[in-house]
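**Student:** These protein sequences, in sequence, are chains A and B. Under our numbering, think of the first position of the first sequence as 229, with each following residue one higher. Under our numbering, think of the first position of the second sequence as 960, with each following residue one higher.
Mixed in with the good hints, there may be bad ones.
Distance condition first, Cα-Cα at most 20 Å in a straight line; then the derived DMTMM-like pairs of lysine to aspartate or glutamate [claimed, not checked]: (1) K509/A <-> E1269/B; (2) K1330/B <-> D1320/B; (3) K1232/B <-> D378/A; (4) K509/A <-> E1099/B; (5) K243/A <-> E408/A.
It is worth saying that the hints were derived from the structure and are not from the lab.
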Amino acid sequence: MSANSPPFFQQPLLKTPFHERARALCQVDSFVPWAGYTTVDVFTTVEQEYFAIRNSATLYDLTPMVKYRISGPDALRYLNRLVTRDIAKIKPGRVGYCVWCDDAGHLIDDGTVFCLAESEYRLCTAERQLDWLLDSALGFVVQIEEVTEDIAALALQGPTSCAVLKRLGLSGIERLRPFETGHFQSGPHALLVSRTGFTGDLGYELWMDPASAETLWDALMAAGGTRGVRPIGSQALNMVRIEAGFLLPNLDFVSAGRTLRTGRDRSPLELGLAWLVDFGKGHFTGRRALLLEQRRGPARQLVGLDVEGNKPAHHALLYAERAGQHEVGSVMSATWSPTCKRNIALAMLTAPHFRTGSTVWADIYLNRELVWERRMARALVVERPFYAPERRRATPPADF
Amino acid sequence: MSAAAPGSSYDVLVIGAGHNGLVCAAYLARAGRKVLVLEASSGVGGAAVTHEFVPGFRVSSCAHLLHLMPEWLGRELSLDRHGLEFAATQLPTVALSQERPPLILSAGAQSGLPEPDGSAYLEYRATMARFGATLQPLFERAPPRLGTNALADRAGLLRLGWQIRRLGRPRMRELLRIGAMNVYDLLQEHFSDAGLQGALAFDAVLGTNFGPRSPGTVLTLLCRLAAQGASGAGGLRLPRGGLGAFSVALAGAAGAAGAAIRTSAPVERILVKNDRACGVQLRSGEQIGAGCVVSSADPKNTLLGLLGAEHLDAGFVRRVHHLRSRGLAAKLHLALKGPPRFTDVPAAHQGGRLLIAPSMDYLERAYNSTKYGEYSAAPPMEIVVPSLHDPALAPLGAHVLSAIVPYLPYQIGGGWDNGRQRCIGTLMATLEQYAPGISGLVEGAELLTPQDIEQRFHIRGGHWHHGELAFDQFFMVRPVPGATQYSTPMAGLYLCGAGAHPGGGVMGYAGRNAARRILGLRAAA
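With these hints in hand, go ahead and build the complete structure from the sequences.
**Tutor:** Written out as structure tokens, the structure reads:
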């Protein structure tokens, strides 16, 4: 932001470098704000976009994802103190999903760490974190700068995404393994490609200079051809991320930096992210609190639910028995999964109901032509993810 | 809690041989712990030392009076047997004035005050002493924590409530009314004499970053009175040989109890194993293991310097980082050819505690300058001439003058290296107004700015109290939430210095409370 731009509160939502392309293709003119940018919620219909993700290739504008460049001699030590997993295991050219906590072991946010080179990392998060990142930098020789506006980003996801990139001329893209990054060239345009995504499917994320953004968008749409590239909005993405069992801040948890009421913070252990917490790597913020919690055993846990029937259990309260006497939790995110043909949900359940195989009852409200009906639906606690196709890991991917 | 870690020969390492470190070591050793005290300087005492600033002239480097240490501490540690003597006791406070004869103030008497302030003064002293005595028991133990179910915490809170309730309804109401006030308003309520107000307000702001009108200055005054009230009948005392002699006596007591003391042994870092402090590494590279480590260094040095942010949570580090610990008090030392003569001060009182604080506005103006990195052309001072009582501090017939100068900022425009002489000139001009001819007696002068105090005594920020004494850094949240009750987030690492409750001043409570805390934890294990 230049020094003479108007004050922040007077600015409308920012436009990403892909905005003009997206606006031209957005048939229902459905935009939502995301991290200060206006982004597409739905281009055509949610169903059409959903099936495109699972059956062809899709473009999703990731530019509003907040990006920080973290560099300096202490960058690794700094990140290891910041996040709960061992960043030393993420070598140059690799990406890792990670979460970070406050002192009490409550989740502040999740994101991905890219190791671009020795002592140079990029942290991508859904929300702005600079204050916490700078607080965490006290005592470390590290530079932290926000580079969100310097990098345009697109997610290309779906079974034909590798084929599309090959047609775009990214030679060797098929050798890129999950959570690996590579530098590619498309004509004169340099691209950093990571085999990452939020769909649980085969897919890539493309990071580029904003100046190249529109040209590359056009090239990707053209390269689609019979492989069918289509842009998608946030609503379709939300369906596939529930299938993949991924969390969204403010839907599945509220950042510990934003909760107002006591007891609304969530720890990674409660959110089913214990696999991301490495107690053996040395100290990190929240470690002592999480160790205590681990010894106590979590009081609640985020789990997957397989709900009977086909009506999504949006925001349903969950009960221990059909009569609805004892409340044991509530649904965070829910959707009908067209691919799994299952009615799925992510729910927060109190002990001991979160054990896999437990049965709880979801109190679902249905609006049928303006008449509200209530259903008690049996729900089974199941392992996440709900959908994990082999192709997401296959290297090289099959040529769909 | 385990005993000494395998391979270590000590139960406890104490970082810093300041008075709190020595007191802590003495109590731990008396309880049978194997203790080693590690001191960076070549002698014991920390900031409570006597140094030679001009050949033949010696002076207490920071605090120059002993009046806050509880009487029982001297008794319990038999400090007299270890050489502590007083060259003078019950020094009167002499409020200097250019306009009239000085006021002579002591606990139970005054002279020079017009009525009704004269009798109001005695009543005020009695009431404030009573309030101080109400708070004093809080100093003797670890403060209670809020929000726990622990019996000790609840008992501590009940005790506090009971102490205050015991004052009786009118006095209790008065204490609660004035507790968070500023001392300017309080003294306006009681007195009209500007000189008296200035002298009494001086005690509230000495060593702080406050002016008389700053919020919380009644609290700082009450804390001083609380400690003073328990320090015994000696009142304001001058240890023979300066404060350094007091520290030597403490070291003697610690040594006699079995504690070992190593000087010139600066600690470089605190060693951590399995998320527990297990020893220290000296700057020489030598590593010393122990069951636990107690630091009398200031909280920033201890936690951010010696331990390191990487062993602590980010939110906690931010709190420690923001601990307000900039010093604002300096020290002026003068080597004088002969005794100074303060105008109109009776000969018997020339050796008293002389205050240049002619009004509260004088103090407030001096404080105002410091907000902008400047100092006042009319600075306040607390002056003693210890050689009048203790001739050995100076060559025969010569004298040393020791003055605490509040309100000299940590940093001044152009830097202290360039501004030092000019500042000494300002201070001498001020002294000259109250003791004409003093400049002609000066053979040598030394000014210790907050920066000098920071470097010389290894106190980050150069604050005498290792951290401002203010409501948000006081009692159950001192020095910061997460490091209260003498423990820290790092298992096996404790704080026993002025940064811990009840704070700075040569008192020794923090050292003793920390020792009791460590012993209590062990007993419970």
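**Student:** Now, for every hint given, state plainly whether the structure supports it.
**Tutor:** A quick look at each hint next to the structure:
1. Note on K509/A and E1269/B: the hinted pairing holds, with a Cα-Cα distance of about 12 Å set against a maximum of 20 Å.
2. This hinted pair checks out: K1330/B and D1320/B have alpha carbons roughly 15 Å apart, not beyond 20 Å.
3. Straight-line distance between C-alpha atoms of K1232/B and D378/A comes to about 42 Å, which puts the hinted pair past the 20 Å bound.
4. Between the alpha carbons of K509/A and E1099/B the distance comes to roughly 40 Å, so the proposed pair goes past 20 Å and is violated.
5. For the proposed pair K243/A and E408/A, the alpha carbon gap of about 29 Å is over 20 Å, so the pair is violated.
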